[in-house]
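Asks: Per our numbering, the sequence shown runs over residues 1 to 256.
Mixed in with the good hints, there may be bad ones.
To be verified - Once the Cα atoms are required to be at most 30 angstroms apart in a straight line, the calculated DSS-like pairs of lysine-lysine come out as:
#1 80 to 49
#2 36 to 3
#3 3 to 53
#4 53 to 36
#5 114 to 36
#6 49 to 114
#7 3 to 49
#8 174 to 80
#9 80 to 192
#10 53 to 114
#11 174 to 114
#12 53 to 252
#13 174 to 192
Simulated from the structure, these hints should not be mistaken for laboratory data.
In this text, all values refer to a predicted model and were calculated from it rather than measured experimentally.
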Amino acid sequence: MNKTVLITGATSGIGRSCALRFARDGHRIIITGRRKDRLESIASNIIQKFNSKVYTLAFDVTILSEVVNAIQTLPEEFRKIDILVNNAGLALGLNAIHEGEPEQWETMIDTNIKGLLFVTHAVVPFMIENGHGHIINIGSIAGREAYSSGNVYCATKAAVDSLTKAMRIDLVTKNIKVSQVAPGAVETEFSKVRFAGDETAASAVYQGFDPLTPDDVAEVVHYVTTLPPHVNINDLLIMPMAQASAAIINRKPKST
1 MNKTVLITGA
11 TSGIGRSCAL
21 RFARDGHRII
31 ITGRRKDRLE
41 SIASNIIQKF
51 NSKVYTLAFD
61 VTILSEVVNA
71 IQTLPEEFRK
81 IDILVNNAGL
91 ALGLNAIHEG
101 EPEQWETMID
111 TNIKGLLFVT
121 HAVVPFMIEN
131 GHGHIINIGS
141 IAGREAYSSG
151 NVYCATKAAV
161 DSLTKAMRID
171 LVTKNIKVSQ
181 VAPGAVETEF
191 SKVRFAGDET
201 AASAVYQGFD
211 PLTPDDVAEV
221 VHYVTTLPPH
231 VNINDLLIMP
241 MAQASAAIIN
251 RKPKST
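Could you put the whole structure together from the sequences, leaning on the hints where they help?
Replies: Now the structure itself:
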């Protein structure tokens, strides 16, 4: 059965891969993000490749009025949202707490926590009206284990973990599943954003081992939504084989 899937942060990385994975099965896709040109490029790619129906919404998840206005403009065909993938998120900086940048803290808190809340709050009424739904929050190993200089980012992902549990409790009587997929190291734009575009620093994060790819995570997200109605994956942690914990990675020495 074709479903309608709304994915936040779909302009790159895990969000983009999720959009392509669900489109491959013929589902209707709503992709959101701030970069309208990228959204339209991805939508065009999906239509050409899979002939799936796609709707784009360009807005900032950190601004409540933009979230509400965007969701309310959905055409009737896309208002029956079956699956929400709360993927939008980012890390900024890698500083000890006393050396951190408060503006970066605010951006992470606004995006990773408030953005997730704003979008969920706007979408859940549609799910309640439809009589069912599935919310998948993209967490992180950072939400389970703090690591050196990860402080505020780790705290925001710990909040995602707690919110996922709380949402499940609040929505269990509404026939809405709530799941968390929490990846370890995934090679995306994540580190490039964290290091303010410093590609050398960003690439060093993934050197010496095989990190997860966005497609790996998207495959897991998709799987979580394919189970029978009475089955829910509450929480799923996915790591590269070389990563034992948030901070322990088996890196191969550089060849000389």
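Asks: Now tell me if each hint is right for this structure.
Replies: Here's how the hints hold up against the structure:
no.	hint	result
1	80 to 49	holds, 24 angstroms
2	36 to 3	holds, 24 angstroms
3	3 to 53	holds, 11 angstroms
4	53 to 36	holds, 17 angstroms
5	114 to 36	holds, 21 angstroms
6	49 to 114	violated, 34 angstroms
7	3 to 49	holds, 18 angstroms
8	174 to 80	holds, 15 angstroms
9	80 to 192	violated, 35 angstroms
10	53 to 114	holds, 29 angstroms
11	174 to 114	holds, 23 angstroms
12	53 to 252	violated, 44 angstroms
13	174 to 192	violated, 40 angstroms
Of the numbered hints stated above, those contradicted by the structure are hints 6, 9, 12 and 13, listed in ascending order.
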